[in-house]
Amino acid sequence: MLKKVFQKPKYLKKAAFHYCPGCGHSIIHRLIAEVLEELDIGEITIGVPPAGCAVLAYDYMDVDMGEAPHGRGAAVATGIKRTLPDKIVFSYQGDGDIAAIGTAETIHAANRGENVTVFFVNNGCYGMTGGQMAPTTLIGQDSTTTPGGRNVARDAAPIDLSEMLAIANGSVYIERTAVNSPKNIRRTKRAITKAFKVQMAKRGFSLVEILSPCPVNWKMSPVDAAKRIDDVMTKIFPLKVIKDEIGEID
Amino acid sequence: MNKKVLMRGSQVIGEAAARAGCRFYAGYPITPQNELTEYMAEAMDRFEDGTFVQAESEIAAVNMVIGASMAGARAMTSSSSPGMSLKQEGISYLAAQELPAVIVNTMRGGPGLGNIAPSQGDYFQATRGGGHGDYRTIVLAPASGQELADLTRTAFEYADKYRTPVLILGDGMMGQMMEPVVLPDPVNINKLSPKSWILDGATERPSRIILSLLLNPSKQEELNWKLMRKYETISREVTKAETYQTSDAHLVVVAYGTAARIAKGAVKRVREMGLKVGLLRPVTLWPFPEHAMRELSRHVKDFLVFEMSMGQMVEDVKLALEGRSDVHFYGRPGGSISTPDEIAKAINTIYHRKHLEED
Amino acid sequence: MAKRKGKITIDSELCKGCYLCISFCPENLITISDELNQKGYYPAEFIEKDGKEGDIKCTGCATCALVCPDVAIEVYRE
Numbered sequence: 001m002l003k004k005v006f007q008k009p010k011y012l013k014k015a016a017f018h019y020c021p022g023c024g025h026s027i028i029h030r031l032i033a034e035v036l037e038e039l040d041i042g043e044i045t046i047g048v049p050p051a052g053c054a055v056l057a058y059d060y061m062d063v064d065m066g067e068a069p070h071g072r073g074a075a076v077a078t079g080i081k082r083t084l085p086d087k088i089v090f091s092y093q094g095d096g097d098i099a100a101i102g103t104a105e106t107i108h109a110a111n112r113g114e115n116v117t118v119f120f121v122n123n124g125c126y127g128m129t130g131g132q133m134a135p136t137t138l139i140g141q142d143s144t145t146t147p148g149g150r151n152v153a154r155d156a157a158p159i160d161l162s163e164m165l166a167i168a169n170g171s172v173y174i175e176r177t178a179v180n181s182p183k184n185i186r187r188t189k190r191a192i193t194k195a196f197k198v199q200m201a202k203r204g205f206s207l208v209e210i211l212s213p214c215p216v217n218w219k220m221s222p223v224d225a226a227k228r229i230d231d232v233m234t235k236i237f238p239l240k241v242i243k244d245e246i247g248e249i250d
Numbered sequence: 001m002n003k004k005v006l007m008r009g010s011q012v013i014g015e016a017a018a019r020a021g022c023r024f025y026a027g028y029p030i031t032p033q034n035e036l037t038e039y040m041a042e043a044m045d046r047f048e049d050g051t052f053v054q055a056e057s058e059i060a061a062v063n064m065v066i067g068a069s070m071a072g073a074r075a076m077t078s079s080s081s082p083g084m085s086l087k088q089e090g091i092s093y094l095a096a097q098e099l100p101a102v103i104v105n106t107m108r109g110g111p112g113l114g115n116i117a118p119s120q121g122d123y124f125q126a127t128r129g130g131g132h133g134d135y136r137t138i139v140l141a142p143a144s145g146q147e148l149a150d151l152t153r154t155a156f157e158y159a160d161k162y163r164t165p166v167l168i169l170g171d172g173m174m175g176q177m178m179e180p181v182v183l184p185d186p187v188n189i190n191k192l193s194p195k196s197w198i199l200d201g202a203t204e205r206p207s208r209i210i211l212s213l214l215l216n217p218s219k220q221e222e223l224n225w226k227l228m229r230k231y232e233t234i235s236r237e238v239t240k241a242e243t244y245q246t247s248d249a250h251l252v253v254v255a256y257g258t259a260a261r262i263a264k265g266a267v268k269r270v271r272e273m274g275l276k277v278g279l280l281r282p283v284t285l286w287p288f289p290e291h292a293m294r295e296l297s298r299h300v301k302d303f304l305v306f307e308m309s310m311g312q313m314v315e316d317v318k319l320a321l322e323g324r325s326d327v328h329f330y331g332r333p334g335g336s337i338s339t340p341d342e343i344a345k346a347i348n349t350i351y352h353r354k355h356l357e358e359d
Numbered sequence: 001m002a003k004r005k006g007k008i009t010i011d012s013e014l015c016k017g018c019y020l021c022i023s024f025c026p027e028n029l030i031t032i033s034d035e036l037n038q039k040g041y042y043p044a045e046f047i048e049k050d051g052k053e054g055d056i057k058c059t060g061c062a063t064c065a066l067v068c069p070d071v072a073i074e075v076y077r078e
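Chains as they are written, first to last, in our numbering: chain A, 1 to 250; chain B, 1 to 359; chain C, 1 to 78.
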């Protein structure tokens, strides 16, 4: 007697994803949806999507969602959360959104200890606009605005935003995970769960950085892109708990 | 009957906002409007559901207002000219997403870093969008302490009623002056009409989206037509101007805010000298009181626009009149303030040059 | 001791042929179909979709569904 053990979660709408084959965004959307259901907070959650490939996140996640201008997710989330402190508020941002144009808003939301959760999807490039350099593009990595590969003299080195946010006073839980393998996907789900629990317990600012494949702009197959995260990306952006002032949490 | 209080302009705005049900304020210090930000720090603390955030920048502040407005709060931010430039992106989004918000600009000398003296150099920025895209914002121009109180209350009402950002355009003089004011009664925010579109969690209802990305060209077009229809309704319902001694005038001075106070002094002076001069003071800069202007142009063939700038509202006056009357301009930009005598002299010069003493 | 038996269904119209399920299935039970779907992808196909009871190797571990970016896979298990 077979029973169904895996299906589309409740907080994902029926729409087919527009993302490229092998893109990590929809895996992350699905994990967030699963966690919202498991923690039974979907009905009190408000999400803030970014500018970037995931600008259409509201077509997929079945929660209240309010679009922010590029980079301003942490500030918009602050406004929502301060007005509705008992609701769950998250911002979902790409690497450019959070670590280039939105750096100030992100650092200050973390410093103020805003009781929101931020998802930082790091795919090392500007996907939606066609593969330009991102703050997290690696040295030597090709992109449309770093001909010959990123080099320090011309383009500076990649930025370690999560490590910087760990220094901020109000950040209490920051973890870097990835969605390139079954083990890492499970780890990401645990991190997402913990981050939401931190918010539910009103403990402060939580952030999960998720290394995500971008096969089209990395010019690789999805399987190779998934491998690149293990072989190359995690050398510069290691998967680990970057800050944890919480410990175990129910 | 409320008693009169003596309060500094910026503080009047703060108190009026608190009484109008404002429960979220985010701002960044900038002279000459710091008294407003400081006042809100104390005022928002009075309410259990009041929030004050000193944001890291004017950009962050307006974005926090976007969030607070999405969540249903009556929200406000304020700044002065250079900081208002930073808010233009946020204002474009507020307009596109049809979010209510009040934004107060206490204008100072510019462009660039400028100075901290009063000016009216942001008229274009306020009325011509300032940010990108096809949108307008209601722009209210108080000219007295009492109007600071009344128009702040009105700003929140219009913002909610029309789901649109509303600008209050003051200047450094207005922010600092102290006048007796009757403050409006506090609003009971629980009695305000509930907002059916806010993002407060999809409990027992379908989830909602507030966005402005409309990739489908016909949907984008549809939004723009919808906004235009809204703006037409606003123009019909909200336009306001004050006239002073215009019924027998041969020349009418057009001015707003502090410039209008100076101009009124000048008009009184020249009336004593026998000149038939009046004043038209727009209270709403957008929608601009075109109709009132055209009505006057039936018998008034000369208008003198006085602004504390190089001439911005003068263009709207010319557009409104469509050539029916002559438009003259007198301006002092960059934070210098004219005296009523100076304006009286300017009026005199034009009056006699155009032989307006003859009927 | 027998492993639990399972099966999966793949929505061939949602699948984008990214090969992630194929590369991660521990039993190599997924392959690529040679029929294009409406979007122009060659979707993944479950080898055991017409499988007989005794031959089933799928354990319903759901690894494929875990890695599938398009939520195209449903998993059944005893």
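Source of the hints: derived by calculation from the structure; they are not laboratory data.
Keep in mind that the hints are not guaranteed to be accurate.
[Said to hold, decoys possible] Distance windows between CB atoms, simulated:
1) B:Asn190 to A:Lys219: 55 to 65 Å
2) A:Ala16 to B:Lys219: 18 to 28 Å
3) C:Asp11 to A:Glu37: 49 to 59 Å
4) A:Val5 to C:Lys52: 19 to 29 Å
5) A:Ala16 to C:Pro26: 25 to 35 Å
6) A:Ile159 to B:Lys3: 36 to 46 Å
7) C:Asp11 to A:Thr145: 34 to 44 Å
8) B:Asp341 to A:Asn111: 33 to 43 Å
9) A:Glu38 to B:Leu6: 21 to 31 Å
10) B:Pro206 to C:Arg4: 15 to 25 Å
11) B:Lys3 to A:Glu38: 37 to 47 Å
12) A:Glu245 to B:Thr233: 30 to 40 Å
13) C:Pro26 to A:Glu37: 20 to 30 Å
Heads up, the beta-carbon is just placed ideally off N, CA and C, and yes, glycines get one too.
Evaluated hints:
1. B:Asn190 to A:Lys219: 55 to 65 Å: Once the Cβ atoms are compared, 58 Å apart, the range 55 to 65 Å for A:Lys219 and B:Asn190 holds.
2. A:Ala16 to B:Lys219: 18 to 28 Å: holds, 19 Å
3. C:Asp11 to A:Glu37: 49 to 59 Å: Violated: the Cβ-Cβ distance is about 20 Å, outside 49 to 59 Å.
4. A:Val5 to C:Lys52: 19 to 29 Å: holds, 22 Å
5. A:Ala16 to C:Pro26: 25 to 35 Å: Holds - the Cβ-Cβ distance for A:Ala16 and C:Pro26, about 27 Å, lies within 25 to 35 Å.
6. A:Ile159 to B:Lys3: 36 to 46 Å: 58 Å Cβ-Cβ, so the 36 to 46 Å window is violated.
7. C:Asp11 to A:Thr145: 34 to 44 Å: holds, 37 Å
8. B:Asp341 to A:Asn111: 33 to 43 Å: violated, 53 Å
9. A:Glu38 to B:Leu6: 21 to 31 Å: Violated - the Cβ-Cβ distance for A:Glu38 and B:Leu6, about 59 Å, lies outside 21 to 31 Å.
10. B:Pro206 to C:Arg4: 15 to 25 Å: Hint violated: Cβ distance 38 Å, outside 15 to 25 Å.
11. B:Lys3 to A:Glu38: 37 to 47 Å: violated, 58 Å
12. A:Glu245 to B:Thr233: 30 to 40 Å: Given a distance of about 52 Å, which is not inside 30 to 40 Å, the answer is violated.
13. C:Pro26 to A:Glu37: 20 to 30 Å: Since the Cβ atoms of C:Pro26 and A:Glu37 sit about 27 Å apart, the hinted range of 20 to 30 Å holds.
Comparing the model with each earlier hint shows violations of hints 3, 6, 8, 9, 10, 11 and 12; every other hint is respected.
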